[in-house]
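Protein chains: 2
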Amino acid sequence: MTAAPAPLPVAGERHREADLHAFCTAALRAAGAEPETAEAASRAMLHGSRIGVDSHGVRLLDHYVAVIEGGRVNARPALRFTDGAAAVSSLDADHAHGARAAYAAMDRAMEKAALYGMGAVAIRNSSHFGAAGAYALQAAEKGFIGLAFCNSDSFVRLHGGAERFHGTNPIAMGVPVEGEDPWLLDMATSAIPYNRVLLYRSLECALPAEVASNQEGHDTTDPHAVDMLAPLGGAFGFKGAALAGVVEIFSAVLTGARLSFDIAPMGGPDFATPRNVGAFVMALTPGAFLDETDFNAAMTRYRQTLRASRPAPGDRVMAPGDREWLVAEQRRREGIPIDPATAQAFDRLAARYGLPRPKPVAG
Amino acid sequence: MTAAPAPLPVAGERHREADLHAFCTAALRAAGAEPETAEAASRAMLHGSRIGVDSHGVRLLDHYVAVIEGGRVNARPALRFTDGAAAVSSLDADHAHGARAAYAAMDRAMEKAALYGMGAVAIRNSSHFGAAGAYALQAAEKGFIGLAFCNSDSFVRLHGGAERFHGTNPIAMGVPVEGEDPWLLDMATSAIPYNRVLLYRSLECALPAEVASNQEGHDTTDPHAVDMLAPLGGAFGFKGAALAGVVEIFSAVLTGARLSFDIAPMGGPDFATPRNVGAFVMALTPGAFLDETDFNAAMTRYRQTLRASRPAPGDRVMAPGDREWLVAEQRRREGIPIDPATAQAFDRLAARYGLPRPKPVAG
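Chains as they are written, first to last, in this note's numbering: chain A, 1 to 363; chain B, 1001 to 1363.
Chain A extracted, bound-state conformation (with noise of 0.2 Å):
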C-alpha cells in the first residue's frame, strides 16, 4: 500500500515546464482565446503536470482547444463580479474557461481575506477548471488559507445508489508552511479518479474491490464494464457521497451554476453549448484568527510531526502534498513528461497553426 496514488505511468519525450506552457499558452491564442484565458489555462495545466497529476496537465490542451474553437468556452469572457455582502461576491464567469474564472475568483476572494478576514466568491456559467488544488495552491503561495470546490458532469453513483448522481467534486484545500511547500489537499470525493479506471483498461488488471459498479449499480473489478465510480469510503460510502454533497452544495446551490446531473459530459461530443458548471473558492487570513508566529509554528510542528509518526513495517507516512512535491522536484530535473497521445496532439496542433512544436529534453 502505497501513501497515495502514483502519477500515470508516462513513457516517452520530456519537456521543460517553461517551453510546455509557452506552447500551451500560444496554441490557445491561436484557437483564439484572449491573452488573459491563454494564460490561465496554461497555468492551470502546468501545475498539473508540474506535480504529477498529469489527468489535469498539458493532456488538457487538445480538449481546451476543441472547446474554445467550438464556443463551449467563451474565448473572450467578460467577468462579472456581484457582491452580496462585504466578504462575499459572485461571479458570473461569462462561460470563461474554469482557469480564467477561479484564477480571477481566488484573487478576489483573497483582497476580501486581507480586509475582512476571510472572503468568498461562487462561481457560476463557468467551464472545467483542471485541478483544483491549483486555486488553493495560488491562495497558499500568498499567505492565505485556499479551499476551492467544482462539480462536474455526474459520474459518480450515490451509496446504495444505481445511477450517476454527482460528479466527482473535488476537495482542494492549501495552507502555508512558512519557509516550505504548503500543505496541499486535492481529492475527488469520488473512490478512485476514472483516469485510474482507464488505465486499469489498458493494462487489463482488474480494479480493487468496492470502487467502481456496471450499469445496474453492482460492484464490479472489471475495468471494462465500468459505468459509474462508487463514492469514497466503500462500505462506508455515505460518508463520500455526503462530502460530494457538501461539494455540489457549495459549487451548484451556492452559484446558480447547474447541478452535476444536468452537465453536459466534459467529453461531448457538443462542444459548441456553453456547460454552466460551478466553483467557489474561500481564503481566510491566518493573522486574523491568531498571532501569526503562533499560527506559522503550530502548522510546522503539526506536520513535521505527521511526517515523524510511526509508520507501519515496510509502509510510509506523507503530508498532503508531500508526493506532489517530490515529483516537482523530479520534474524540475528531469522534465516534465508527456504521453504519446499528448505528444501526437502536440504533433497536430504545431502543424495546424504554425507553431514550432516544443523539443524535448536530452536523455
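What the hints contain is simulated information worked out from the structure, not anything from laboratory work.
A couple of the hints might just be wrong.
[Stated by the list, open to error] Per label pair, the in silico range of CB-to-CB distance:
no., chain 1, residue 1, chain 2, residue 2, range
1, B, Q1330, A, G314, 43 to 49 Å
2, A, G267, B, D1294, 26 to 32 Å
3, A, G71, B, P1208, 27 to 33 Å
Beta carbons: idealized from backbone N, C-alpha and C, even for Gly.
Position chain B against the provided structure of chain A, taking the given hints into account.
Structure of chain B alone, referenced to chain A:
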C-alpha cells in the same frame, strides 16, 4: 449494506425529551455549572439523543458531571471573543464546556454572516462539545449554511501509519431546506466510530476489513485487538487522513488550541486539568451569494433528485440527515431509549443530588 449505520441498539426504558433535558440541566446545575453551561450541554446532548447519535447523547451526562466536578471543565467560564477582522473572531473559551463555547461561537458567526455574508469563529481553550452536527444544525435552523469542526485526543492512525495521530475529527455541515428538515452532515473522518468497536466487542463480532488496527498498526477485524482506528477510505485512506488534517488545521492550528496528539485522553484518569480542545465554526448567508428564492429552489430540487436517484437492487439512497430525521420522528412518538449503563448513572445522580429521577414513558 445500509445507507448509513443505524443507531446503536438500546433496549430498556424510554423517556420524553423534555424530561431528559430537565434532568440533565438539573444534574449539571447541581454539579456546580452556571445556568448557561447546564443549558448548552443539555441542548447538545439532547441533539444527539433526539436524532439517534446515542454515543453523543445523554449517555454523556455522567461524564460531563465528572469533568465539571473535577475541574477539567470550568463551571463558570468567562468567554472572551477577540475580533481579528470584521468577519472573523477568536474565542478564548476559558475552559468552558465545549457546547457552551460552540453555541456562543456559532451565534457570533451568524451575526457576522448576517453583516458580511459569512463569519467564522476559532475556538481555543475549550473541551468536548458532543456532536458537531448540533452547531451546524443551529445555523441551518436560522437560515444559514453552518459548518463545525473540532479535534480531540488521538485515536486514528495515519494512512500507512502505526500510531494514533489525529482525533476522530468530525466534519459537520447543515444547510437549510425551505419548509423542511435541513440537509445535515455529521461525520467522523475515521473509518468507523470507536463506539462501533465497543459494540462489536460486546457482541463478539468481527469488524469489517480495513477499519481498525492493532498496536503495530496492522489491520485487524478482532474488536478486542483494536488499538486505533483507520482513517476513512480503506486502501484510499490517504483521503480520510487528509480530511482529518483539514479539521485539525481549522480546529487546532488556526485556533491556538492543542494538536490532537497533545490532548489528554477524554476518559481520564485526570479529570482536573483542562485539555484545551479546539473547534471552529463558520456560517454563510445564502442570500449574499444569490437570490434566496433561487437558492431554495436549487437546494430543494437537489435533495429531491438525490432521494429519487435509482437505488441498487435491495438497497436505498438517503440524503445526509434523512436517517436522523426518521429516528427523531420515531423518538418523538415513542420516547428516547437509554441504555442500561445510562439508566444506572441516572439513579446515582438522582440519589446523590436529591433530584427527581426521570420516569420512563409507558410501553
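Here's how the hints hold up against the structure:
no. : hint                         : verdict
1   : B:Q1330 x A:G314: 43 to 49 Å : holds, 48 Å
2   : A:G267 x B:D1294: 26 to 32 Å : holds, 29 Å
3   : A:G71 x B:P1208: 27 to 33 Å  : violated, 49 Å
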